[in-house]
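Using the sequences provided together with the hints, build the complete structure.
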Amino acid sequence: MFPSLTDQQRAAVDHASGHLLIVAGAGTGKTTTLASRLAALVERGAAPERILLLTFSRRAASELLRRAEALAGHDVARRVWGGTFHAVGNRVLRRHGRLLGLDPDFTVLDQADAADLLALVRSELHAHDGEQASDRRRAKKDTMAAILSRVINTATPLSKVLHHTFPWCAEQQVELKATFEAYTARKRSTLVLDYDDLLLCWSALVRSPVAAPLLDQFDHVLIDEYQDTNALQAEIVAAMAGGGATITAVGDDAQAIYGFRNATPRNILDFPERFGAHIVVLDRNHRSTPAILATTNAVIAEAEHRHEKVLWSTRGDGPQPAMVLCSDEGAQSAAVCARVLEQHERGVALRSQAVLFRAAHHSDLLELELGARRIPYVKFGGLRFLEAAHVKDLVCALRLVINPCDELAWFRVLQLIDGIGPATARKLAPLNGAIDAPGTDELLEALEDARRLAQHEGPSAAIERLRVWLEPIIERHHANAAARIADLDALCIAAASAPSLERFLTELVLDPPSSTGELAGPPHLDDDWLTLSTIHSAKGGEWDAVHVIHLADGSLPSDMATGNDEEIEEERRLLYVAMTRARDRLWCYVPLRYHVGLGRAWWSDRHSYAQRSRFLTDAVVATMDREGDPIVIADPAPLDTAPLAEVDSMVAALLD
DNA sequence: GAAATCATACTTTTT
DNA sequence: GTATGATTTC
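Those letters in the first sequence? Residues 7 to 662, by our numbering.
Because the hints were derived from the structure by calculation, they are not lab data.
Remember, predicted model here, so these are calculated numbers, not experimental data.
Heads up, the beta-carbon is just placed ideally off N, CA and C, and yes, glycines get one too.
Be a bit skeptical, because a hint or two may be false.
Label-pair ranges, simulated between beta-carbon atoms [to be verified]:
1) Gly425 with Arg357: 49 to 55 Å
2) Leu650 with Gly425: 47 to 53 Å
3) Arg357 with Val653: 37 to 43 Å
4) Arg72 with Ile574: 35 to 41 Å
5) Glu351 with Ser23: 51 to 57 Å
Shown next, in the form of C-alpha cells:
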C-alpha cells in the first residue's frame with residue numbers, strides 16, 4: 007500500500023503507538039501523508055466513525071477525505087468525522103449538549119451578530135443607570151467582541167488582556183466586565199451561541215464528569231494546521247487525549263498566520279512535551295522548483311524566531327522567480343494580465359494559475375482589467391456576501407422562523423418596519439413574537455407562513471415567502487434594489503439542496519460561501535478560470551504559476567499590522583505562505599505608485615509613492631530576476647506655471 | 001421622545 | 001457602501 011511515499015512520509019504514516027507531531031514544511035506532501043495515515047489507521051483496524059479529522063476549513067476537510075477515499079474506499083471516507091473545530095463543536099453540542107443543560111436547538115451567531123448583541127446589552131445597562139455619557143470614549147462594539155474573544159480563546163483574565171493588547175480600553179474594565187456578564191446571560195436566555203461558545207461548551211463537555219461516555223467517542227484525532235490553533239482548542243485536544251484518543255497533529259510554525267484570531271504557535275512548539283509525542287519532520291519539498299525554493303528560503307531565513315528548517319527541492323531546475331516593478335497599480339494589473347495570458351498560451355491553463363494578495367480589495371482594479379479582457383476568474387476571500395445588510399435582514403428573519411426567542415433577530419427585523427426604530431424595537435423584541443404594534447401584522451403573517459412552509463415544503467419555500475415580505479422594504483431602502491434582490495434569490499436556490507432550514511442557516515454561519523458566486527453552485531466545471539485569492543484563503547492551495555501582487559510596504563506588510571514585531575513577523579510568514587504556493591513560476595509585483603485615500607472623491611487622482619515591501623530584502627531579490635519597468639520615479643517636479651492661477655484669472659475675466 | 005434624514009469618517013486577514 | 005453622529009421632522 008502507498009508505494010509512492012518517501013521514507014519521511016512513510017515514517018509518519020506508519021507510526022503506530024502514541025501521539026505524533028508531523029512538522030511539515032510547505033509543499034512536503036502534507037495532505038498525501040495525512041490522507042495516507044488516515045487510510046493506514048483504518049487498514050490497521052481503526053473504526054472510521056471513531057476517527058475525528060479537524061481541519062482549518064471545510065474545503066481542506068473535503069480535499070483530505072477525497073484523497074483518503076481514493077486509498078481506502080468510499081465507505082470509510084463517509085463515516086469519518088470531519089470539519090473545522092467550530093463545525094465539529096456544533097455537531098457534538100447538538101447531539102450531546104443536553105448533558106450541559108444546553109438546548110440542542112440553539113442558533114449560532116457570527117462575529118457581527120455577537121458585536122451587535124454586545125452593543126445592545128451595553129446600551130441597556132446604561133439605560134438603567136440613566137447615565138448617557140457619550141459613547142465617544144467607549145470601546146466600539148467590534149472592539150468589545152475582540153476583547154472578549156481574546157479573553158476566552160487565550161484563557162487570559164480580562165485585566166491582562168486589556169493591559170496587554172487593548173491598553174486604551176483599560177479604564178473601562180468595570181463597564182466591560184458588566185457588559186460581558188450581561189451578554190453571556192442574554193445569550194443563554196435567548197438560546198444563542200457565538201463562535202467562541204462552540205469551543206467553550208465543547209471543551210466544558212469533554213472535561214465534565216457527566217460526559218465520561220462521550221470521551222470514549224474517538225480513538226484517533228487528526229489535526230491539520232496545528233500552528234493556527236489557539237489555547238482553548240488545545241484544551242479540547244488535551245481532554246480528548248485524556249479520554250484515550252491518540253492525537254496526530256500536523257503543522258509548520260513558519261506558516262502561522264492566524265495570530266489575529268488568537269492562534270498561538272506555542273501549541274505546536276509545546277505539543278511534543280505536553281503529549282509526549284513522537285516527532286517526524288518532512289523537509290523534502292515536492293512542489294516547487296529549486297529556484298523558487300531558494301527565494302522562499304531566503305524570505306523565511308530572516309524571520310526572527312523560528313525552527314531552523316531548510317527545505318530541499320526534489321524537482322528539476324526551472325526559471326528564477328521574478329520581481330516585476332510597475333509604475334503604478336494600473337500597470338500592475340496590465341502586467342499580471344499579460345503574464346497570465348502568456349502562460350496560458352504556453353499551455354498553462356487558467357486554473358493552474360493564481361493571483362494572491364493581502365487584502366480582498368487589493369484585486370479591485372485587477373478585476374476590472376480581467377473583465378475588460380474577458381479573462382474568467384473566481385475570487386476567494388473577503389466575506390462581503392453575508393455582511394451585506396439585506397442578506398443579514400433575511401437571515402435574521404429566517405432565524406426567527408426557527409428560534410422565536412432570538413431577541414437579536416427580532417431587534418433587527420422589527421426595525422425594518424416603517425415607524426419602528428431602536429427604542430420601539432428594544433421594547434418589543436423580548437416578547438418573542440407576542441407583538442401587537444402597528445405595522446407588524448405583515449411580518450408576523452410572513453413568519454407564520456414561513457414556519458409552515460419550512461415544515462411542509464422545505465427551506466426554499468420559507469425563504470421565498472420572507473423574500474416576498476422583504477422585497478418592498480429593500481426597494482424603499484436601497485438604490486440598487488435589483489442586485490440585492492438577486493442575492494436573496496441566490497440564497498433561495500442554495501437552500502434548495504439543504505435538508506432543513508436549521509441546517510442551512512447553521513452551515514451558512516459556520517461555513518460561509520468562500521468565493522463570490524459559490525452559492526449559485528459551481529458554474530461549469532469544465533470551464534477554465536483564473537483564481538484570485540487572499541493569501542489567508544489560499545492556504546493549502548498550489549498552482550503552476552503564482553502571481554503575488556501589491557508587494558509594497560503598507561499593503562504587505564499591511565499598515566494595519568505593523569504595531570509590534572510579532573505582527574510584522576506574521577506578515578512575513580504571510581508572504582512566505584503566498585510564495586510557497588508556486589510550483590513552476592512565481593512573479594512578485596511591486597507597484598511603485600498607487601492611489602490612496604478614502605471615499606470616492608479622492609479616488610480620482612490622488613496618489614503616493616510606494617516602497618518595495620520590506621520583506622523583499624536585497625538577499626531575497628538576489629535570488630530573483632527583474633522584469634518590468636526599471637524607472638525609479640522621483641518626487642513630482644514642481645510645475646513652472648501655476649494652472650490654478652490661470653483658471654482664476656480666466657474666471658475673473660468672465661466676471662468683468 | 002422617537003424616527004427619519006443628512007453628514008462624515010473609515011475600510012486586514014476569518015471560524 | 002456602511003457605520004456612526006448630528007440634525008431635522010413627526
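What hint numbers does the structure not satisfy? Number 3 only.
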